[in-house]
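Participant: Work the whole structure out from these sequences, hints included.
Chains as they are written, first to last, in the numbering used here: chain A, 27 to 164; chain B, 27 to 164; chain C, 27 to 164; chain D, 27 to 164.
Bear in mind the hints are in silico, worked out from the structure with no lab data behind them. Heads up, the beta-carbon is just placed ideally off N, CA and C, and yes, glycines get one too. Check the hints yourself; a few may be wrong.
[To be verified] No farther apart than 27 Å at their CA atoms in a straight line, the calculated lysine-lysine pairs in the BS3-like style are these:
# : chain 1 : residue 1 : chain 2 : residue 2
1 : C       : K66       : D       : K44
2 : C       : K44       : D       : K128
3 : C       : K44       : C       : K113
4 : A       : K44       : B       : K128
5 : B       : K113      : C       : K113
6 : B       : K66       : A       : K113
7 : B       : K128      : C       : K113
8 : B       : K44       : A       : K66
[Said to hold, decoys possible] So the derived label-pair ranges between C-beta atoms look like this:
#  : chain 1 : residue 1 : chain 2 : residue 2 : range
9  : B       : N62       : C       : E65       : 53 to 59 Å
10 : A       : P159      : B       : E143      : 23 to 29 Å
11 : A       : M145      : B       : Q42       : 21 to 27 Å
12 : C       : M145      : B       : P159      : 50 to 56 Å
Protein chains: 4
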Amino acid sequence: MTAADMSAFLDQEFEQVKGDFTIEHVAANQVTVRLNIQEKHLRPGGTVSGPSMFALADVSAYLVTLAMIGPEALAVTTNCSIDFMRKPAAGVDLIAHVRLLKLGRQLSVSDVLIYSEGMPAPVARASLTYAIPPAKNA
Amino acid sequence: MTAADMSAFLDQEFEQVKGDFTIEHVAANQVTVRLNIQEKHLRPGGTVSGPSMFALADVSAYLVTLAMIGPEALAVTTNCSIDFMRKPAAGVDLIAHVRLLKLGRQLSVSDVLIYSEGMPAPVARASLTYAIPPAKNA
Amino acid sequence: MTAADMSAFLDQEFEQVKGDFTIEHVAANQVTVRLNIQEKHLRPGGTVSGPSMFALADVSAYLVTLAMIGPEALAVTTNCSIDFMRKPAAGVDLIAHVRLLKLGRQLSVSDVLIYSEGMPAPVARASLTYAIPPAKNA
Amino acid sequence: MTAADMSAFLDQEFEQVKGDFTIEHVAANQVTVRLNIQEKHLRPGGTVSGPSMFALADVSAYLVTLAMIGPEALAVTTNCSIDFMRKPAAGVDLIAHVRLLKLGRQLSVSDVLIYSEGMPAPVARASLTYAIPPAKNA
Numbered sequence: 027m028t029a030a031d032m033s034a035f036l037d038q039e040f041e042q043v044k045g046d047f048t049i050e051h052v053a054a055n056q057v058t059v060r061l062n063i064q065e066k067h068l069r070p071g072g073t074v075s076g077p078s079m080f081a082l083a084d085v086s087a088y089l090v091t092l093a094m095i096g097p098e099a100l101a102v103t104t105n106c107s108i109d110f111m112r113k114p115a116a117g118v119d120l121i122a123h124v125r126l127l128k129l130g131r132q133l134s135v136s137d138v139l140i141y142s143e144g145m146p147a148p149v150a151r152a153s154l155t156y157a158i159p160p161a162k163n164a
Numbered sequence: 027m028t029a030a031d032m033s034a035f036l037d038q039e040f041e042q043v044k045g046d047f048t049i050e051h052v053a054a055n056q057v058t059v060r061l062n063i064q065e066k067h068l069r070p071g072g073t074v075s076g077p078s079m080f081a082l083a084d085v086s087a088y089l090v091t092l093a094m095i096g097p098e099a100l101a102v103t104t105n106c107s108i109d110f111m112r113k114p115a116a117g118v119d120l121i122a123h124v125r126l127l128k129l130g131r132q133l134s135v136s137d138v139l140i141y142s143e144g145m146p147a148p149v150a151r152a153s154l155t156y157a158i159p160p161a162k163n164a
Numbered sequence: 027m028t029a030a031d032m033s034a035f036l037d038q039e040f041e042q043v044k045g046d047f048t049i050e051h052v053a054a055n056q057v058t059v060r061l062n063i064q065e066k067h068l069r070p071g072g073t074v075s076g077p078s079m080f081a082l083a084d085v086s087a088y089l090v091t092l093a094m095i096g097p098e099a100l101a102v103t104t105n106c107s108i109d110f111m112r113k114p115a116a117g118v119d120l121i122a123h124v125r126l127l128k129l130g131r132q133l134s135v136s137d138v139l140i141y142s143e144g145m146p147a148p149v150a151r152a153s154l155t156y157a158i159p160p161a162k163n164a
Numbered sequence: 027m028t029a030a031d032m033s034a035f036l037d038q039e040f041e042q043v044k045g046d047f048t049i050e051h052v053a054a055n056q057v058t059v060r061l062n063i064q065e066k067h068l069r070p071g072g073t074v075s076g077p078s079m080f081a082l083a084d085v086s087a088y089l090v091t092l093a094m095i096g097p098e099a100l101a102v103t104t105n106c107s108i109d110f111m112r113k114p115a116a117g118v119d120l121i122a123h124v125r126l127l128k129l130g131r132q133l134s135v136s137d138v139l140i141y142s143e144g145m146p147a148p149v150a151r152a153s154l155t156y157a158i159p160p161a162k163n164a
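Facilitator: Structure (structure tokens):
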């Protein structure tokens, strides 16, 4: 899947988050995703909320899995471990770099580094496991 | 802090989530929190989204920490590990039961079980670490 | 499987850890396992090492899965998240209480609380996912 | 600290694991560590056990923290999340590449990729948090 294919798929399947994410770059086993920061993503002081960072990590891991197996709305997150390491910069988009570390028959495993745009040190890291529906393995 | 104290604190400090959560019960090292499901929390099919479950786990762990140390807007999540185990029932509130397992000088550790209201098996489990600001330890 | 069945299975399949663990109690979706502390499990000062606590959590989650699906040497750990919360007491056995939270076709999810024998507060908590081989699902 | 300094420190402070690990390479915020596979690290079939992989991840995260703060036997692991992705090759050493993602006053966060020597795909990934004793922050 290309970045355009993935964007179209995301808009169609997940209306609730339409406009939240931009797929910046797709390569083998890697995707870069932007969280377009809006008021709803913020906490007092303008920092990005934990759930917004989780949502970015989650969608990024989903997309890097889809990039390899094709559009599959039914892949589901089974586990996420996330470390919040630094306070995001106020009013700045977040950029997630995700790598697919394993694509098995039943599970994918990805890791994600999240940056405030323009800052050198990551604000969060996450690893996620997705369960892949059996039909896709046939 | 009582449930009413915590509700007032949450509404004041985190306007973005006002009305999302109801604190149902507070006891020593335990809090029960309801996620009042709204359209914004859902995915296609009416199931509750992963980020909404993360948000519930996160606020629950925050509240059980506050219940013991007093109002402290500056406690921050440093780690969350969450397992998504079953699909939440469509259009039903989620209930989180959180236990404080450790309250140290620098860190608190909690675990959370999340249920679809009225169903016996948990839909998710999470463990969270909060960093407690040094000022509160003095 | 009973505690005796599980002990026999463990001794036969995992010779390297023979004598390390005692299965204390088995109930529906719950098992209690003792780590019989020996010199090899310790760190300077007599405290139990992190890898020894991990090993206890891992074997406990394995056993609570086996208790429900029957002897299955091929179930494998796919994820573990562990929080080390307190220093174990010196020279004292560890006791793990494990609960099976989910037993699906492909995955089991368990959580574990580990105690130094005789102390009220847990020294560690862990959650583990095991992948169950397809053959067992037929 | 250099690789030689770290090796000497490890041998002195942790006699129980003497000879298990070789520090292969040290750079800014990065360390490479080898697990010298011995009989005690194996499971039936010659694969490396989960606790041995955990031990390698744990010591690697410890060493990359020490490399930056200096010898400090009292830094302790507070959290580890580990994904086991592939079966290690039989009878082959494991190599861990660890990166320090954050070094704060109270906590360090590292991530680790573990490889069977000579194989291109990682067998495990882990992220670890270490608590740094207050004295070192003064």
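Participant: Next, verify each hint and record whether it holds.
Facilitator: How the hints compare with the structure:
no.: 1; hint: K66/C / K44/D; result: holds (12 Å)
no.: 2; hint: K44/C / K128/D; result: violated (39 Å)
no.: 3; hint: K44/C / K113/C; result: holds (25 Å)
no.: 4; hint: K44/A / K128/B; result: violated (39 Å)
no.: 5; hint: K113/B / K113/C; result: violated (37 Å)
no.: 6; hint: K66/B / K113/A; result: holds (25 Å)
no.: 7; hint: K128/B / K113/C; result: holds (12 Å)
no.: 8; hint: K44/B / K66/A; result: holds (12 Å)
no.: 9; hint: N62/B / E65/C: 53 to 59 Å; result: holds (55 Å)
no.: 10; hint: P159/A / E143/B: 23 to 29 Å; result: holds (27 Å)
no.: 11; hint: M145/A / Q42/B: 21 to 27 Å; result: holds (23 Å)
no.: 12; hint: M145/C / P159/B: 50 to 56 Å; result: violated (29 Å)
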